[in-house]
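Peer 1: Read off the chains here:
2 protein chains.
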Amino acid sequence: MTRSTRPAGRQRPGAAFGPVRDEARNARIIEAVLDLIVENGYGDLTMSAVAARAEVAKATVYRRWASREDLVADALETLMLAAAVPAGATAAGTLREDLIATLTQRSVCLHPQARHFSAVLAAATASHPQIADTLRERAIAGQREEIAACLHRAQKRGEITAERVELLLTPGRMEIAAAIGLTILQQELLGAVLDIEGVARLVDQVLLPLIGGIPTS
Amino acid sequence: MTRSTRPAGRQRPGAAFGPVRDEARNARIIEAVLDLIVENGYGDLTMSAVAARAEVAKATVYRRWASREDLVADALETLMLAAAVPAGATAAGTLREDLIATLTQRSVCLHPQARHFSAVLAAATASHPQIADTLRERAIAGQREEIAACLHRAQKRGEITAERVELLLTPGRMEIAAAIGLTILQQELLGAVLDIEGVARLVDQVLLPLIGGIPTS
Chain A
1 MTRSTRPAGR QRPGAAFGPV RDEARNARII EAVLDLIVEN GYGDLTMSAV AARAEVAKAT
61 VYRRWASRED LVADALETLM LAAAVPAGAT AAGTLREDLI ATLTQRSVCL HPQARHFSAV
121 LAAATASHPQ IADTLRERAI AGQREEIAAC LHRAQKRGEI TAERVELLLT PGRMEIAAAI
181 GLTILQQELL GAVLDIEGVA RLVDQVLLPL IGGIPTS
Chain B
1 MTRSTRPAGR QRPGAAFGPV RDEARNARII EAVLDLIVEN GYGDLTMSAV AARAEVAKAT
61 VYRRWASRED LVADALETLM LAAAVPAGAT AAGTLREDLI ATLTQRSVCL HPQARHFSAV
121 LAAATASHPQ IADTLRERAI AGQREEIAAC LHRAQKRGEI TAERVELLLT PGRMEIAAAI
181 GLTILQQELL GAVLDIEGVA RLVDQVLLPL IGGIPTS
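If you read the sequences in order, they're chains A and B. Numbered per the UniProt record's numbering, the first sequence spans residues 1 to 217. Numbered per the UniProt record's numbering, the second sequence spans residues 1 to 217.
Simulated from the structure, these hints should not be mistaken for lab results. Please read these numbers as outputs of a predicted model, since none were measured by experiment.
Pair ranges (Cβ atoms, derived):
(1) A:G212 to B:P171: 21 to 29 Å
(2) A:A149 to B:E31: 46 to 54 Å
(3) A:E163 to B:A162: 32 to 40 Å
(4) B:R136 to A:G43: 21 to 29 Å
(5) A:K58 to B:D44: 21 to 29 Å
Chain A side only, calculated, beta carbon under 7 Å to chain B, not exhaustive:
(6) G181
(7) L182
(8) I184
(9) L190
(10) V206
Covered stretches of chain A, as calculated for chain B (at least 3 residues, CB under 8 Å):
(11) 118-124
(12) 129-143
(13) 171-177
(14) 197-205
Each residue gets a CB set at the ideal place from its N, CA and C atoms; glycine is no exception.
Given these sequences and hints, build the entire structure.
Peer 2: Following this line, the structure appears as structure tokens:
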């Protein structure tokens, strides 16, 4: 199936004519969203303000993004992808090493702007509840998936049972969420960057005890 | 030692002349801070704006609070005290019951305004790092102390060793912080109110496993 046979969806109709130029323009629009939200908060963000800041026509913004909610979700995802751990990047031999490498990579690579941006979005959830969905789907889900990938690799190595992994990844379970909440408390609320020593404490004192379920137990 | 022998500190010089009227006025000033921050964020907060909103002279605000940082800290503390668990309020017979009662009380009694207010402050920490100290000292420390009180009561009942309690309360340990981070993730970022069932899952899946250290182990 080639790209051209798919419904256009959020693809811009003009994409075929100048993809490189369009990519640069889209990056400029996302950059404008990030700047405006960090400067003025979510409440004041409008499509017009984004267009003006990115120096594009308002119609150009609307061609790709239907609403400011879509824009904010894509901006958050852009930041998170920049901090994502490349698949297979960690050659760790144990679950502990894998978790430390994975969480350190995210902590170190997460641009300060990303921390600020998601903190501002969190502040907006009280008045704009749909922003909570954006945070859950675009920021928290990514961290969750990286920890899940560590668990699956550990399961393949025989460090943890399949039943335990399944339990930990059941929706509504709180173990993985606690580790993510702790990184948010430390980094976004208290402004501490978790270095490798801080991440190791998090893994040893919280994540590994909660993961439990080693095959011999 | 009577109050009049102590240095005045942050007491207003005029306190002796109209304490009831002054209390009402101070409450109005704190209310103005809460309203303004929820409406406009921390960046735009000024002593003048607070005075105007509370309909008092600017000098009246400065008589008690030296800066907007002091004002914000007191406003946060006022909100947190309203949700605090009264000492001896829980007649729980086990650590589990005590933790569930304590965390549920705080979760249920925390006014939505308090959640919004602290989320807005969290968003301000990136540009105003001293706000992180305010959050740590006025909001997070209170939650920590309530959980510590549960641990001490459990220790008296013989449910947990003194050594384990001491370890868990060592600065820099991550176990209690993980539980607090989880409540912040759920309530302030994701906008979910933790009801008694949610608190019970938090206690059973995260807090009790991390607390560990029962005397027989």
